[in-house]
Every structure is written in structure tokens, then in C-alpha cells.
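Novice: So the chains spell out like this:
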Amino acid sequence: MQAKPDIQKTYDLLVVGGGNAALCAALMAREAGCSVLLLESAPKPFRGGNSRHTRNLRCMHEQPQDMLTDAYPEEEYWQDLLKVTGGLTDEHLARTVLKHTETCRPWMYKHGVRFQPPLGGTLHLSRTNAFFLGGGKALVNAYYHSAEQLGIDIFYEAKVSDLDIDGDTFRSATFTYQGAEHQARAKAVVLACGGFQANLEWLREAWGPPADNFLVRGTPYNRGDVLKVLIAKGAKTVSDATQGHCVAIDARSPTYDGGIITRVDAVSLGIVVNKHAQRFYDEGEDFWPKRYAIWGRLVAGQPDQIGYSIIDAKAMGRFMPPVYPPIRANSLRDLATKLEISPDALEKTVAEFNAAVRPGTFDHTIQDDCVTEGITPAKTHWALKLDTPPFFGYPLRPGITFTYLGVTVDDRARMILQDDKPCKNIFAAGEIMAGNVLGKGYLAGIGMSIGTTFGRIAGEEAAKHVRG
Amino acid sequence: MYAAEDQPMSLDELIEDAQRVLRVCNACRYCEGYCAVFPALARRLEFTENDIHYLGNLCHNCGSCLYACQFAPPHEFQVNFPKLMAKVRGQTYRKYAWPGFLGALYAKNGVAVSLITALSIGLLFLLAGALNNPTAFFAAHSDAQGSFYALMPHNLMVNVFGAVSVFVLIALLMGFVRFWPYMGEDLADFFRPRALGEGVHDALTLKNLGGGVENEGCTYPAEQKSQARRMFHHFTFYGFLLCFAATSVATVYHYMLDYPAPYPFWSLPVLLGTVGGIGLLIGPVGLLWIKHQRDPDFKVPEQTGMDAGFLVLLFMISLTGLGLLIWRETGAMGTWLAIHLGFVLALFLTMPYGKFVHGMYRLAALVRFHLEKRRPVPGLASE
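Protein chains in written order, with our numbering: chain A, 694 to 1161; chain B, 251 to 633.
Accuracy of the hints is not assured; some may be wrong.
Stated by the list, open to error - Quick list of in silico lysine-lysine cross-link-like pairs, DSS-like style, CA-CA up to 25 Å:
no., chain 1, residue 1, chain 2, residue 2
1, B, K541, A, K737
2, B, K358, A, K737
3, A, K983, A, K1078
As the list claims (entries may be wrong) - Counterexamples of contact, computed for chain A against chain B with all Cβ distances above 10 Å:
no., residue
4, P757
5, E767
6, W771
7, D773
8, G827
9, I924
10, A925
11, K929
12, D950
13, E1033
14, P1036
15, T1054
16, G1067
17, Q1111
18, G1138
Calculated from the structure, these hints are not laboratory results. In this text, all values refer to a predicted model and were calculated from it rather than measured experimentally. The C-beta atom is built at its ideal place from N, Cα and C for all residues, glycine as well.
Use the sequences and the hints to build the structure in full.
Specialist: Rendered as C-alpha cells:
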């Protein structure tokens, strides 16, 4: 499928991007009879954007469906979203996503996506999240296969650098492919090429020097080039450049593309300290899956953007094993030395913490009654003394999966301009518009929900626009 | 996809690399739905050499996990799980072989199997030739004359194949007896009926080539799910079983009913052997064909000889057996008989030192999987 791009041809639809949202849009439009060109900037082995790293879709359902247990009604989903975003969400668009997730799975299945029971260590998600068999890369592979079968033209390592936009109308896109510049002409365009998390200069612009200590957990191919063009050409933006899906990951992870395995799930079982060996947030605030996504920002707010998750032997084996082995020592002093923080300070912090721990019945599956008293910040659940050697430490850095600064859309996925008018033939889907729903915070599996919903809507609406 | 590092590694180097890769897999677990390997590894926090030998033999090399792997080469984590497990498996065959020095036959297994085959055929010709004058060897015999044994006295055949069989059985058993406890299991536990039953069921149905809950097949030879490998393996395995059944029935006829071979075409041994033989033609050819087509990322060149040697041997046994059936009343019978028995002898001789052992170790690993799944996970909290 890597022939020379047919630059003479005017396609019905150009899809910029090659992840879940892009593929959903391309497939929907193709099914509606459109000719479709899809330009993916990554090389084939890394195709699929951040969808490669995902594993599930957060789905509403009124009764058990497929692998989903019990019910996850729209209202509960909405309240969960409201809570993590602190209200920074467009309710109408959000509810569009929620409703869509109830009915989109048969279509996904038709295009080769398979679901499986929740993975080990994720039983708490069996009610809310439908897991892809083999994870997100398997989903991406299935969609690409379907796209090839249906005759969608796909080019890898095809980077879009500019868009010819005339007022509210898209004309063509400029892209480089195999060293040459080409024009892609189409009657409509779906922009589904992600955020800008891999653009370290842009992150530095937004965050200042702390950005130098960020790691990019997501794909290195989302550099935000198209987003920048859109902003320059009058798109109305949403959310801001400092917001994103940012979790605390192991500081030893690679700069890019570490994916899910770099996460450290030990936080709620111990304490987290900064480089001065001071605690800075309630580690037991809520269940880890509901809280993991705030720790990236929390660590980003600490000096030198580093934190240390510290647990004792009692916690070992109670959380998903991270990819990097813990730093281990038989005393807190030795552990501090190995972590290169002050042994005196760490001993003092742990002593104060241990003294504040009240007796309780530890149960990691519920919000138990193991709490601290008289220290700030408190630990409000699962607070056990750190008293059983060996002690373990994981160094933490902010790890950005994707950024939320994006373009505003309406419920037909049409991009909105600064004058609040929708474009005629420009649609956006996926992370480039996720900020409409997720102004901040994160809810496990909602990225794929947004991408699938708006990808499918964008494809459908683009087809309607082109074919009437 | 780009092929990963392709240097042949020693078992120690493989174990070290496997420990690295298994940490990645255990922190990810996206592949849990594909087969038994991933639930098995999720029971562990650390991976000892024993664990890796176990997981290596539990892996059926279906390929699903590599296609689904976000950390597969060219990603810097360089995770190519099926290939790594194939290499581990190959090394375990060598390690557990008995007597140990014959494990060296795995080093260049294709060559070893070919040489043993050539020698076996030669030996059979010598035997048949030494016992007969050329006229008798090339004469046309009618079935009624007990033609096979006219050339190859029954007792001699029984003595040669009997002795070899006993040795083969001992060698295979010794391999098992070394492997099973190394996984940390008591010998008696192998015979626990439920786990054994489930293990045998999985082996007979090749459940782990189903690709997960929907049983749509595995990603072999290419990325799209296919039942090809399962089907050709069934042809091979059940063909082999039917041929084995044919021999067993014939043995009963010979000793208990005093009814010596050759048997008419519509007799039970010949029918079983013919049907099984056809399976043994289709199966190995199919397996070789899809193996050849397979994505190069999976290929372990140093093991091609072992895999191909075994399949070619099975195919040739069947081909010569059917040839013998067709031409048994002609002057070519002696030649067919010697060649056929030569291939059979070679299969027997190489059974403990060739690809055949995969069945035994895989079954052991599957039974172990079903034993283990009933036990609480040590050191891991349940959710």
C-alpha cells in the first residue's frame, strides 16, 4: 500500500492521522461510499498514535453487555467525568460520547476488534471498561486491515505540514512523503492527528523549565504541527497547553513511548515524598484507578519534578508489578541514600507518618478505615505504618500521554472557528479535540471513547457533506 | 516489522533476556486473553530459570502477542516474546535430553536427523540384503506368502524395533522426569485427574492455537487469524495416532489371533494406516508450507532443521508406507520395505532427540498450568 500518492486525484475525504479516531472516520466514510486517503505520519510499525498504548473503552450500559458486568448508567458516567474534570467539560458533547459508547461495539466487532474479560489486576474495571483482546495495537491492526480491504488509500511516514483553508472551507493539504512535497486534495478533511505532547519545545513554552523533566509516555509522533496550523488559521481553541493526561511514571522510563508499563501503581500503598523527603499529597484519597491521573501534575509541581513512591515489604505483591525493579534497602536510611535524598529527612517523615497512623482494618478493595491523624497532608485510606523491611522505592516523573489543548467542535464534529461558526468541511476527532470533553483530569478508557465517538461522527458527517 | 537481534544465545543469556522481557509483559498484560502463557506469567513477580523453562514450553508460538505488542521491535524495548520462547524451548530440549551428551544432537538437528535416517535405511538394506539373495530381494511376492517376513524375519524386526522402542521410551521418560520436578512439581501431581484431563484436552484440541475466547485461530502464518496451523497439526498428529493404532492392531492380530501381515486392503490395520498415512502426507506438507510463509520476525533459523527434519521424516514414512501398500506384490516390494522401515527406525531413534519431544514438554507444561491455576497466588493479593 506504499505506492506513490496519486496527487492528481481529488479524494472525497482526506484523513490526517492514523490512530483510532482517524481509522473510525476513514472506515465510516468509506462505508458510506467515499474515496478516502489516510495520511499517517508514523512509520508502519509505530502506526496508530496513542491508540497503540490503550487497552479499553469506557462504556455506559444499562445492563450487563458482552464482557461488561452489572450496569454503568449514563448518569454515573457523567458524574465520574464531572468529578475528574472539575466541570471543565462540555456537557452536550460529553453526553454524546457517553451515549455512543453503548452502541458502537458491534461496529467495532465488524471491523475485527475483539473484546476480552478484564485483565488481571483490573477487575475493578470490569463494570465500566470493555477491554480489547490484545490491547490497542491489536485494535489498530484490525482497523488497518479492514481499511485496506475496503480500499482506503493509506500512506505512512506522510507528514502534513500545511492546510489550505479558505475561510470556513478546506481545499488541500501539503504533506511530505519520501522526501518530496505533495498536495492532497479532498472535498472534506478529518483532522485526527493528536495533541502535541511529543513537541518538547511547545511543552516548555507552556510549562517553562519544569517541562525539561517531563517524560512523554505516549507516541513520539504527535508533535502538534497540524494543531499549530489550525490555531494560526483561526480555529477556536479549547482547554490549555498545560493540560493533559499526565501520570506519574517511573523516572527511569525512556523519553518517549514507554506506554503503560512505566506506570507505578504502588502509590496508594505507601507514601510519596519529594526530593526533600517531604510528603505533599494524600496518597489514599481514592481508588488508584480514579486517582492515578492526578499524580503526574502533582509531581510536576514538586521541586525538580521528581517524587519517590516508598513502600515496605507488606505492600509488595499488592499492585501490578512495574517494569523497572524497585530500589530496595533493608533500612529507610539506606533506601534514602540509594534514592539520593536525605536519610535524616526521610526517617523523620516516616516516623511522623507512622506515629500518625491510626489502627484500622486494611482492605485495599474498599475505601478502608486505615487513616492518619494529626499530619498534613493526611492519608485518608490504606494508611499502614512503614515498618517492615525491606523497603522499596520507585522514583517518579510526570509522564505525558497526550495534551488537551485542541480545537473546538460541535456535535457533528465540525471544527468551530473563532467567530463561533462551524467549518463547512473540516472535522476533528480524537485527541486533537478531546479537550472539549476533558478540560482536565482523566478517566481510564475515556480517550478511546472520545476517539471512537467523534471519529465515527466525523466520518459520517464528512460523507454526508460530500455525498449529500 | 524489523527482525530483532538474531545471534544464537546460550541458555543463560536467553534466561537473562527472558527475565527482562517478562518484566515488560508482566507490567503490561494486554495479551492475557490470547493463551495460557500470560495468565501463567501474571501469577509471578519474579521469573526464575525454572519459570522460564515452563513458560517457554507452554508457549505454542501462535504469534498473536507479537502482532499485538506495542513494544515489539523496532521499539527500543525489543520485545519479541514468541521468538524468545522458541529459543528457550529449543534449549530446554537439549538440556533435558537423556542421556545428556545426546542433547548435542539438537545443535544441528536437521543434519543429525538426516544422517540417522540415511544410516537407518542403509542398515535395513544391509539386513534385508544379508538375509536374502538378490533374487529373493527383488522377487515379486504375493501377500499370501507372508511376503514382508519372507524378506525381514518377524523376530528380527521385533527385536530391532522392540529394543529401540524400549530405549526411546526410557529416554523420553527420563526427559520428562527431569523436566517436571525442575518446574517445582511433584511427580504424583502430574496424575491428578482434573488437571491432567484439562491438559490433555488442551493438547488434543490445540486450544491455545485458538487465539482467545472466540477461538478464531492463530496469527500463523501471517497477521490474519487462521485455523491453518491447527488443521495441519491435527492432520499430522491424528494421522500419526492412526498409524500407531494400525501397528497396535496388527500386533494384536499377530500375537493374539495368530494372523501375520500383510493384511488385505479392507482390513483394520491397513485402513487405519492408509487414513492415518494420508493425514501424515497432508499435515507435514501443510505445516512446512505455512512455516515457510511465516513472517520472518518469528523465525529462529537455527531451529529450522529440527522442525523441518521431523516433518520430512513423518512425511517420508507415510509416503513410503503407502508406496509399500501399492507395490507390495511387485519386485519393488523389498526396496520399499527397506526404505520404509529405515524411515520408521530413524523416527524412533530420533524421537528423544528431535522435534517429537515438543509434544511431551508441552503437555507437561499444560498440565502444570491447570494444576497451578487452582492454587492461590503466592505473595500476590487477590482483588
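Novice: Please flag the earlier hints that this structure goes against, numbers listed from lowest up.
Specialist: 2, 8, 12
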